[in-house]
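Visitor: Throw the hints in and build the complete structure from the sequences for me.
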Amino acid sequence: LVPPGHAREIERGAAAAGVGFRAAPSMSALLGLLRDGPLLATLISLRESDIDEPLARRLAREVGRRRLNAPFRTSDDLVNALAGAVGRAPTMREKARVFQALRIAVNGELEALEAALEGLREVLVEGGVIAVIAYHSLEDRIVKHAFREWSRSCVCPPALPICRCRGRALGETLTRSPVEASAAEVDANPRARSARLRAWRKAA
21 LVPPGHAREI ERGAAAAGVG FRAAPSMSAL LGLLRDGPLL ATLISLRESD
71 IDEPLARRLA REVGRRRLNA PFRTSDDLVN ALAGAVGRAP TMREKARVFQ
121 ALRIAVNGEL EALEAALEGL REVLVEGGVI AVIAYHSLED RIVKHAFREW
171 SRSCVCPPAL PICRCRGRAL GETLTRSPVE ASAAEVDANP RARSARLRAW
221 RKAA
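Heads up, the sequence shown stops at 224 in the working numbering, and the numbers go up one at a time, no gaps.
Think of the hints as simulated: they come from the structure by calculation, not from any bench. Backbone N, C-alpha and C fix where the C-beta goes; we use that ideal spot for every residue, glycine too. Some hints could be false.
[Claimed, not checked] Label pairs and their calculated CB-CB ranges:
#1 Glu146 to Arg184: 39 to 47 Å
#2 Val106 to Ser202: 28 to 36 Å
#3 Val149 to Leu88: 47 to 55 Å
#4 Ala109 to Arg172: 46 to 54 Å
#5 Leu180 to Ala204: 44 to 52 Å
#6 Arg168 to Ala132: 18 to 26 Å
#7 Ala103 to Val206: 23 to 31 Å
#8 Met112 to Ala219: 29 to 37 Å
#9 Gly84 to Glu138: 33 to 41 Å
[To be verified] Taking lysine to aspartate or glutamate and the EDC-like style, the derived pairs with C-alpha atoms no more than 16 Å apart in a straight line are:
#10 Lys115 to Glu82
#11 Lys222 to Glu169
#12 Lys222 to Glu142
#13 Lys164 to Glu131
Guide: The structure is reproduced here in structure tokens:
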């Protein structure tokens with residue numbers, strides 16, 4: 021399972037998908053957010069949500085100031101606003117982090133991942149294994165918590181006075197810690213640097 025939002029990047033690259041910042045692509049992948057969508061509210065919500073992007077509020081103020089004079093049409097406009105927000109040329113890491121946070125928020129990727137995990141568990145055959153590669157710390161956290169919850173001997177809600185799951189774990193986590201790419205794998209595929217693999221097996 022590749023978390024929502026990453027399949028297109030893996031197949032075609034972020035720039036080709038319209039969410040990169042190197043070639044100033046169209047922002048259609050962000051649903052017109054830059055041109056006429058609620059970009060300011062989305063940026064502010066990044067700080068208040070689990071995504072917690074530290075530059076979001078400063079960037080929101082800078083975007084609001086610049087959009088009074090001219091509309092945003094490409095990702096370069098957002099990169100330039102980011103430079104104004106930090107008072108210097110933003111680092112590649114800062115640019116990547118902001119675009120990733122926007123993509124996650126706009127696409128509802130964390131919510132989609134949670135729903136996908138639940139759905140997979142329901143249809144998985146007994147003894148089957150779910151393996152998930154996460155490319156963001158928040159995605160990895162969701163996977164880790166889901167697998168840990170499913171591996172508990174009792175998974176009833178805390179408010180339920182009587183155990184109805186018969187005290188039997190739904191399965192077991194196969195990866196105590198996430199499996200990370202080796203140095204050789206990262207050299208061959210730089211995208212693997214942030215990948216975290218976790219696996220869980222459904223009880224028979």
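Visitor: Is the distance from the Cβ of Gly84 to the Cβ of Glu138 consistent with 33 to 41 Å?
Guide: holds, 38 Å
Visitor: Is the gap between the beta carbons of Met112 and Ala219 within 29 to 37 Å?
Guide: Holds: the Cβ-Cβ distance is about 31 Å, inside 29 to 37 Å.
Visitor: Within 16 Å, alpha carbon to alpha carbon, are Lys222 and Glu169?
Guide: Given that 16 Å is the threshold and the Cα spacing comes to 12 Å, the pair holds.
Visitor: 18 to 26 Å was suggested as the range; check whether the CB atoms of Arg168 and Ala132 agree with it.
Guide: holds, 20 Å
Visitor: Going straight from one Cα to the other, do Lys164 and Glu131 come out at no more than 16 Å?
Guide: This hinted pair holds, its Cα atoms lying about 15 Å apart.
Visitor: Check the hint pairing Lys222 with Glu142 against an upper bound of 16 Å on the C-alpha distance.
Guide: Distance of about 10 Å is within 16 Å: holds.
Visitor: Please check whether Leu180 and Ala204 have a Cβ separation lying inside 44 to 52 Å.
Guide: With a Cβ separation near 49 Å, Leu180 and Ala204 satisfy 44 to 52 Å, so the hint holds.
Visitor: CA of Lys115 to CA of Glu82, is that 16 Å or under?
Guide: holds, 15 Å
Visitor: Lying within 23 to 31 Å: is that true of the beta-carbon distance Ala103 to Val206?
Guide: For Val206 against Ala103, whose Cβ atoms are near 29 Å apart, the range 23 to 31 Å holds.
Visitor: A range of 47 to 55 Å was offered for this pair. Does it hold for the Cβ distance of Val149 and Leu88?
Guide: Holds - the Cβ-Cβ distance for Val149 and Leu88, about 53 Å, lies within 47 to 55 Å.
Visitor: Starting from the range 46 to 54 Å, see whether the pair Ala109 and Arg172 falls in it by beta-carbon distance.
Guide: holds, 48 Å
Visitor: Holds or violated: 39 to 47 Å for the Cβ distance of Glu146 and Arg184?
Guide: violated, 20 Å
Hint compliance for this structure: hint 1 alone is broken.
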